[in-house]
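S.K.: Listed here are the chains, written in short residue letters.
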Amino acid sequence: MIYIYYLLVLGFLATAAIGLVASWIDRKVTARVQYRVGPPILQPLIDIVKLLGKETLIPAGSSKITFLAAPVLGFASVVVVSTLLWLNNINFNQSFLGDLIVVLYLLTLPSISIIIGGFASRNPLASIGASREMKLILAYELPFILAVLVPVIQSGFSIKLGEILNFQAQNGAIIGSLSGVLAFIVIAMCIQAKLALVPFDMAEAETELIGGPLVEYSGSGLAMYKLTKNMLLFVLPFFCMILLMGGFVFSGIHIFYGILKYIGLVALITVIRNTNPRVRIDQAVRFFWGPMTIIAIVAVILALNGL
Amino acid sequence: MAKKTIVPIGPYHPLQEEPEFFTLTVEGEKIVDIDVRVGWNHRGIEKLSESKSFDQSTFLVERICGICSTSHPFAYTRAVEDIISIEVPERAKYIRTIIAEGERIHSHLLWLGLAGHFLGYNTVYMWAWKLREEILDVMEILSGNRNNYAMFKPGGVRRDINPDDIPGVVKKIDSIIPTLVMLKKAVIDDPVLHARTKGVGVLTKEDSISYCALGPTSRASGVARDIRKDCPYGVYDKLEWDMIVTQNGDVFDKLLVRVLETFESIKIVKQCLKDLPKGEIDAKIKNIPPGEGIGHIEAPRGECFHYVLSDGTNRPARHKVRAPTFMNLPTYKATVIGETISDATIILAAIDPCYCCTERVAVRTLKGKKIYDGQDLVKLSQEKTQKIKDKMGIK
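So the protein sequences, as listed, match chains A and B. Here the first sequence is numbered in the numbering used here, starting from 1 and rising by one per residue. Here the second sequence is numbered in the numbering used here, starting from 1001 and rising by one per residue.
Source of the hints: derived by calculation from the structure; they are not laboratory data. Keep in mind that this is a model prediction, so the values were computed, not measured. Where a beta carbon is used, it is the ideal one built from N, C-alpha and C, also for glycine. Hints may be right or wrong, so weigh each one.
Think about it this way: if two alpha-carbon atoms lie no more than 20 Å apart in a straight line, the pair counts; the simulated PhoX-like pairs of lysine-lysine are [to be verified]:
no., chain 1, residue 1, chain 2, residue 2
1, B, K1003, A, K135
2, B, K1003, A, K28
3, B, K1229, B, K1270
Calculated Cβ distances over 12 Å to all of chain A for the following chain B residues [unchecked claim]:
no., residue
4, K1130
5, R1158
6, I1173
Construct the entire structure; sequences and hints are all you get.
M.R.: Below, the structure is given as structure tokens:
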């Protein structure tokens, strides 16, 4: 019973609320940088509610069940991931062995759901977008997993998030070490790609592909994708905090630090997306397989040597 | 062999606000062929112009393009003045030059913003347009309008510039220069922007000459062609300014040419405001004799050409317009094939296309088929109307 409570209240409601606020911060800061006024705080929520009330159109000739199931797949996986992350943060011992691997798998699912949805919609632009998304996953997963190895190695080869957090509670945050800094750089870039934000938004490139895989989605399907993306804006920085920055500690001044860490990460994402143009997919693959993978490998070697 | 797919850009596409239709044939992400169709928004401006008086036509041609709204009246009034062979008063020439260059600044800034937007760089988009607002304010002080200035008339200009406004205008122009320099550095030194634009969509010098590319599109390919230098009008020959020519012909060079030209235009406007002579602003034309005249000027996108035929009445007997995009759009075929879909949009944007200015009726002829003349087209149109009427049951 307690797990259903976690799933609903923390995994869904809290994550969605924080994600929507974060997306508002992102939009507001972007607007201020660009001499615009920006939306009111409830705007992300209003967008979702409005989309839920719209008609869902299914393109002729598309695979109906796949088309409708794809957004649910991505959404469900984000809810499960965020539940797991919250569980670990509240009590180190509440989770199970190997939850890190489960989280890594589940974090790929939103992107895969976008690919499935794009191909199911039978639109040439959506197909191109989906194929770009596929190449992008292949590009960033390698350095991402390598970088995740750094906290695993430092915490004494533990693949349990709770133990990584426990290690950091006793020995200080992993980002304090050299390998931790390198891992952070790689993970920050991978988060940008996982969130499909500029410079890695080539899958949805609105001026080239009119939204790519999402071009045929309307109504609740689109709302679900948008909500998934907003929730990822919470889940991914949160995952990064757990791995490298000691997570979110619920006591006294540490709550304030936790909020600060999170807002800092969101601000970093916003700054990167506002100071770069979109890169081409081949450039993105080269970027992740070249410099990012090398940095990640160096970080792993340093971590193995205890740096 | 990879399977060929068709990717449409248009007829309505968020890329551009105008209707246009490009059919890209792609293999994977690579473009192997392209079909261009324009003509979705034909407005019949040339025909309309024949039913308006010479003065009214000035306002009509001003509405050909929303962005370079001064280049068309400028070319048109020069064509009319060419028929009469009169000189425009000196002060009017200066005012015309100021307005034309102010327009070039705002047009290039608008393009820079859009180019940023097409690359997903929305910060540049908003910053460039914010700067453009200041220039529009300047134009409002000078002419009373932010766009469509209505300053031109055959023989001179319609309004004088108030000398009291000039210090304020110069101050306003000076105030945007630091931000413009910063924006220029941000755009020109950005390594990611280099990766996206350098070596992309190269228009070689030979291609540029054989396609007769105009304006910044040709100057970026190393063809030093600028009507303001080659065939000076207004007061361009009396001012000190440089023609910007770069050699590579890629998207980055086209961007560079436009950004640097903005600075040259600021230089020109400031010189004109400083040297503005006193005197008449209108040559007071009474009658237009029969004859024909041409007027061509350097619009922000390239040479804008007008031909006017007068039969002695108060209306043009024939008015022909050639907007710069008409010559620049075909270069798209030379630049885009072999590139990827990601680059297709920015290569297209790099010529600064303006389809609605270019729209005209074109009749394609195949071998052995006859060419339609005006009467045939009228007949075709009547037949089609009749068909639609029959179909809908209208008598």
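S.K.: Taking the hints in turn, state whether each one holds.
M.R.: Quick rundown of the hints versus the structure:
Between B/K1003 and A/K135 the CA atoms are separated by roughly 18 Å; this keeps the pair inside 20 Å, and the hint holds. Proposed proximity of B/K1003 and A/K28 is contradicted: the alpha carbons are some 44 Å apart, above 20 Å. Straight-line distance between C-alpha atoms of B/K1229 and B/K1270 comes to about 18 Å, which keeps the hinted pair within the 20 Å bound. Under the 12 Å C-beta cut-off, the non-interface status given to B/K1130 relative to chain A is violated; the minimum distance is some 5 Å.
Annotated as non-interface, B/R1158 keeps its C-beta farther than 12 Å from every C-beta of chain A; the closest such distance is 34 Å. Distance to chain A confirms B/I1173 as a non-interface residue, since its nearest Cβ pair spans about 19 Å, more than 12 Å.
In terms of the numbered hints stated before, the structure departs from hints 2 and 4, listed from lowest to highest.
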